[in-house]
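Asker: Position chain B against the provided structure of chain A, taking the given hints into account.
For the record, the sequence lines run as chains A and B. According to this note's numbering, the first sequence is numbered sequentially starting from 1. According to this note's numbering, the second sequence is numbered sequentially starting from 1.
The set of hints was computed from the structure by calculation and includes no laboratory data. There's no promise every hint is true.
[As the list claims (entries may be wrong)] Some chain A residues close to chain B (C-beta under 8 angstroms, calculated; not the full set):
1) K24
2) D44
3) E45
4) I83
5) Y85
6) E86
7) I98
8) P112
[Said to hold, decoys possible] Listed next, the in silico EDC-like pairs over lysine to aspartate or glutamate satisfying Cα-Cα at most 16 angstroms (straight line):
9) K2/B - D17/B
10) K43/B - E119/A
11) K43/B - E45/A
We put the beta carbon where it would ideally sit given N, CA and C, even for glycine.
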Amino acid sequence: MSVLPTDTFLGKLTIQAVYEYYDKPVLFACQNAAQTQYLVVLLDETDQSEVWLYVALSAERFAQVGQGKITLRDAFKQAEDDIVYEVTTFGSSHPTQIRVLPTHALRDEQLPAAGERLEGLVSDNPQVASG
Amino acid sequence: MKFRSHIPENCPPEDADVSSGSVYRMVKDDPSPEDFLSFRELKPDKAYPSECIASGLSVYTDAEGIRRLRSRVPRFRKMNVAIGELDENHGKMKNTPSNMHESHHTWWLAEDIEPWTFFAVVNIEDET
Numbered sequence: 001m002s003v004l005p006t007d008t009f010l011g012k013l014t015i016q017a018v019y020e021y022y023d024k025p026v027l028f029a030c031q032n033a034a035q036t037q038y039l040v041v042l043l044d045e046t047d048q049s050e051v052w053l054y055v056a057l058s059a060e061r062f063a064q065v066g067q068g069k070i071t072l073r074d075a076f077k078q079a080e081d082d083i084v085y086e087v088t089t090f091g092s093s094h095p096t097q098i099r100v101l102p103t104h105a106l107r108d109e110q111l112p113a114a115g116e117r118l119e120g121l122v123s124d125n126p127q128v129a130s131g
Numbered sequence: 001m002k003f004r005s006h007i008p009e010n011c012p013p014e015d016a017d018v019s020s021g022s023v024y025r026m027v028k029d030d031p032s033p034e035d036f037l038s039f040r041e042l043k044p045d046k047a048y049p050s051e052c053i054a055s056g057l058s059v060y061t062d063a064e065g066i067r068r069l070r071s072r073v074p075r076f077r078k079m080n081v082a083i084g085e086l087d088e089n090h091g092k093m094k095n096t097p098s099n100m101h102e103s104h105h106t107w108w109l110a111e112d113i114e115p116w117t118f119f120a121v122v123n124i125e126d127e128t
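Isolated chain A (complex conformation) (with noise of 0.2 angstroms):
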């Protein structure tokens, strides 16, 4: 899927579930082939490159967040690891960047809104988008 950066330590990165679409997926979870799974949301836009914020879940995390048992701000701001990923991807003539980011430096407008959370559903729609 496009909107996944390529040949970075993130790895071979596959999308399991869409949870917000708009022209693409913009809000999903996406495993790589060692099967860490990430969450991810986009931050930013412009002509040239798009911002993504990722962060790596454990199995039973991933099943809170996508029970609604966790808020999907709360699945950033308290990473398991109390880092995030933000990703920039460019044009194929441009390698993705990555940052490391302490949970502790995220501001709140690079977050969900306080109190969003997945309501049950975490398997993929085929009619707008699929790994």
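Answerer: Just chain B now, with coordinates in the frame of chain A:
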């Protein structure tokens, strides 16, 4: 009906309906042509699972769907919401619900229409 030139053969799908009703779409400021470009027009070289979906535009048919999108995805909190009234001359649309909201539709634009002329920014907090 003729569609925008980037829309592929056999698209829109046969089960798409003629466009109709009020729909919501994100705009950067006041509605402009750049707000109505599809993924395929913006990213001509990027792969996508469905060329037909990539050539259409996301719209929501109720304010709650786009309010939630804005609330969940930081990118869209910096943008305005615009509403437009579609009729059969504006193209075709199909309900393509995202996982958790039923009002997401894909809209394939008819050739030569200028949606920025009939969309207007709206305060969705007044409508939800």
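Asker: Now look at each hint and say whether the structure bears it out.
Answerer: Here is how each hint holds up against the structure:
no.	hint	result
1	K24	holds, 5 angstroms
2	D44	holds, 6 angstroms
3	E45	holds, 6 angstroms
4	I83	violated, 18 angstroms
5	Y85	violated, 15 angstroms
6	E86	violated, 12 angstroms
7	I98	violated, 18 angstroms
8	P112	holds, 5 angstroms
9	K2/B - D17/B	holds, 15 angstroms
10	K43/B - E119/A	violated, 32 angstroms
11	K43/B - E45/A	holds, 13 angstroms
The structure is inconsistent with the numbered hints 4, 5, 6, 7, 10, although it conforms to all the rest.
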